[in-house]
Amino acid sequence: MTSAAGIDSFVADYAGLRADRPGTEPGWLGRLRRDAMDRFRALGFPTTRHEEWRSTNVARIARTAFVPAPRVEAAAAADRLREPLFASAARLVFVNGHFSPDLSVYGRALPGVELEEMATLLGEAPDRLERVLGRHAEYHDEAFTALNTAFFEAGAFVRISAGTVVDDPIHLVFFASPGERPVMTHPRTLVVLEPRSRARIVESYIGLDEGTYFCNAVSEFVVGAGAVLDHYTVQQESEQAFHVGNLVIRQADQSRVTSASFALGGSLVRNHVNAVLAGEGAEAHLNGLFMLRGTQHVDNHLRVDHIRPRGSSREVYRGILDDEARGVFTGRIVVHPEAQKTDAKQTNRNLLLSERAQIDTKPQLEIRADDVKCTHGATVGQIDPDALFYLRARGIDERSARSILIRAFARESIEPVDVGALRDWLEGILASRFPETSEAGDPM
Amino acid sequence: MLEIRNLHASVDGHEILRGLDLTVRPGEVHSIMGPNGSGKSTLAQVLAGRESYQVTEGRVLFDGRDLLEMPPEQRACEGVFLAFQYPIEIPGVGTQYFLKTALNAVRKYRGLPPLDALEFLRVLKEKMELVEMEDRLLVRAVNEGFSGGEKKRNEILQMAVLEPRLAILDETDSGLDIDALRIVANGVNRLRHPDRAIIVITHYQRLLEYIVPDYVHVLMDGRIVRSGTRELALQLEARGYAGIEVPGEPATLAGAGR
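Those protein sequence lines, which keep their order, are chains A and B. Note that the numbering used here has the first sequence beginning at 1, numbered continuously upward. Note that the numbering used here has the second sequence beginning at 1, numbered continuously upward.
Just chain A, with the same shape it has in the complex (with noise of 0.2 Å):
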């Protein structure tokens, strides 16, 4: 059931948010976010009985009073929070979805990149995103999006204008600093790629401290014809964080993307991706792991959208599952009418590292063009006891084989991750849990 009093509380902060300013916003801005409130009150949280939220109960959210997070003096901790940012050609940093101006890499000049600070965007000249923002993260039924619209303010804006290339990576960077009250907040990510551009993007969702928050994250991307995108997700919130992303990613004719998510902490966690190939002869690889412990819980929900022709799209997510912890594949595979000639490929492996791991795995083909290739795979397994003989009987302790095993599974989702910094520090992760004896000592 829906809890009222959940909706009434988020009612209240927007009620809140809209009397703090006043007129500060275009019209179109107002109307959008006021739409999206009313869609929200309409849809309230999804339950269980929701098709597409059958194995993911929301309630703690809904129950949760959060307020907006307060701004937090980000050089406190200024050690936690550089540790997990790396060389980038530009990062901007915010902390409880505030912009952090000490922390970001910013305003240096980069040819053909528009890269501007959401809330000051909006401030200053909001009619710029009029005509992309709010256009494919659709909010009608989806009451987080709807949510995010309603509340944004922190985030990003990327245009990289057409046949620009840029290698370096571009880093937004979300860190939490929760305090005693729970709070929320909305962070919003819009990149356009024209044609033919080149961009790598990461996003992080990061925890710094424990406690309850909920980060309610929506990025929408548009990649233009023949554009190519690199594009990371890396969630590792704090263990009793709730966190819903919703990525939209929009292809234009022989635009090729790349997007990883890696989903490392949280409570509850919902990640949706979709990929909506509208034009012709795209091309989508969306991989994924999950590393579980405890009782967290991890929805990966996917949708790929074939809606043109000669569109290519790849699926492979990983899952590692400890404890108690419970995760979710949802793989839905749309191939429109006019996608003849699609070939569509997804795979879910998951590694249980415990008897009382959970994972529930999905796909779903819905494929009403004639003319196509669509296969999907899962496995659910355990590590191999004849690979773990195998390392044991060469002087591998226990514990160190079962991390070779475990480390091994898992790189084939951490190696062709593109950008070096982040890879070592995804590998690092990795070796921190699932530590090697041999290693102390010894680093190769």
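Take the hints with a grain of salt, since some may be wrong.
To be verified - Facing chain B, a subset of chain A residues (Cβ under 7 Å, in silico):
id: 1; residue: E25
id: 2; residue: P26
id: 3; residue: V380
id: 4; residue: A387
id: 5; residue: F389
id: 6; residue: Y390
id: 7; residue: R392
id: 8; residue: G395
id: 9; residue: R402
id: 10; residue: I404
id: 11; residue: A408
id: 12; residue: R411
id: 13; residue: E412
id: 14; residue: D418
To be verified - So the derived list for chain A, only partly shown, Cβ under 7 Å to chain B, looks like this:
id: 15; residue: D386
id: 16; residue: A393
id: 17; residue: R394
What the hints assert, rightly or not - Quick list of simulated restraints, FRET-style, between CB atoms:
id: 18; chain 1: A; residue 1: D424; chain 2: B; residue 2: V55; range: 43 to 51 Å
id: 19; chain 1: A; residue 1: D418; chain 2: B; residue 2: T56; range: 17 to 25 Å
id: 20; chain 1: B; residue 1: S174; chain 2: A; residue 2: G294; range: 58 to 66 Å
id: 21; chain 1: A; residue 1: A431; chain 2: B; residue 2: P113; range: 16 to 24 Å
id: 22; chain 1: A; residue 1: P337; chain 2: B; residue 2: E132; range: 55 to 63 Å
FYI, nobody ran anything at the bench for these hints, they're computed from the structure. In this text the structure is predicted, and so the values were computed from the model without any measurement. We put the beta carbon where it would ideally sit given N, CA and C, even for glycine.
Using the hints, position chain B against chain A.
This is chain B only, laid out in the frame that chain A set:
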């Protein structure tokens, strides 16, 4: 070095080894022959510490210490090495990384400092010549996409790198053509050493033309029923296992030795 007394072992409730006795001294090469299902591979797995086999009776001493008490990794560190009949493929784990991790684990146990990347590479190059192993295999995942012969050579390479005191070769000849057999046997022979014992488990006598044993034992129905020298293997080759009398048991295994 190795003393096996009245060893009984079962898998899934079926008793496979039924009172096996064997003594192996340093420097010796023993061959254990026997028909399919006689318990040869079970013996190898039990000695290496495979947990799916239950030892129900008897004892195994290695240098006077209870081998059966030790987890598999400790046995390996103590110097027991099993060359697997079916080497396992381990996707995602590089061959070179695996060898280095194993060697440094064994060195650590023996109180030796770990080898760094360069030192390890020097050791590895030297050992690879022993089994005529190609460099390209080192960058691949362990045994992944290896031919049958390459897998067996990889086993002997691991043996060469880890320098065990007791090596058990479980049907290392199976699936090898004559050239691969010669390479593998040559590698093993070069590892023969007065301090090192080798147990060669095989179905056929062919391997023993290349690795000449000091002793040959016939394993049938979970026990060693005959022991002798090389001549025994030749006799088996000529007459098959049917000609072996099993004390106290009817000769029900006629024809099993081809």
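Hint by hint, here is what the structure shows:
no. : hint                          : in the structure
1   : E25                           : violated (51 Å)
2   : P26                           : violated (53 Å)
3   : V380                          : violated (17 Å)
4   : A387                          : holds (5 Å)
5   : F389                          : holds (6 Å)
6   : Y390                          : holds (4 Å)
7   : R392                          : holds (4 Å)
8   : G395                          : holds (4 Å)
9   : R402                          : violated (12 Å)
10  : I404                          : holds (6 Å)
11  : A408                          : holds (3 Å)
12  : R411                          : holds (6 Å)
13  : E412                          : holds (6 Å)
14  : D418                          : violated (19 Å)
15  : D386                          : holds (5 Å)
16  : A393                          : holds (5 Å)
17  : R394                          : holds (4 Å)
18  : A:D424 <-> B:V55: 43 to 51 Å  : holds (46 Å)
19  : A:D418 <-> B:T56: 17 to 25 Å  : violated (56 Å)
20  : B:S174 <-> A:G294: 58 to 66 Å : violated (46 Å)
21  : A:A431 <-> B:P113: 16 to 24 Å : holds (22 Å)
22  : A:P337 <-> B:E132: 55 to 63 Å : holds (59 Å)
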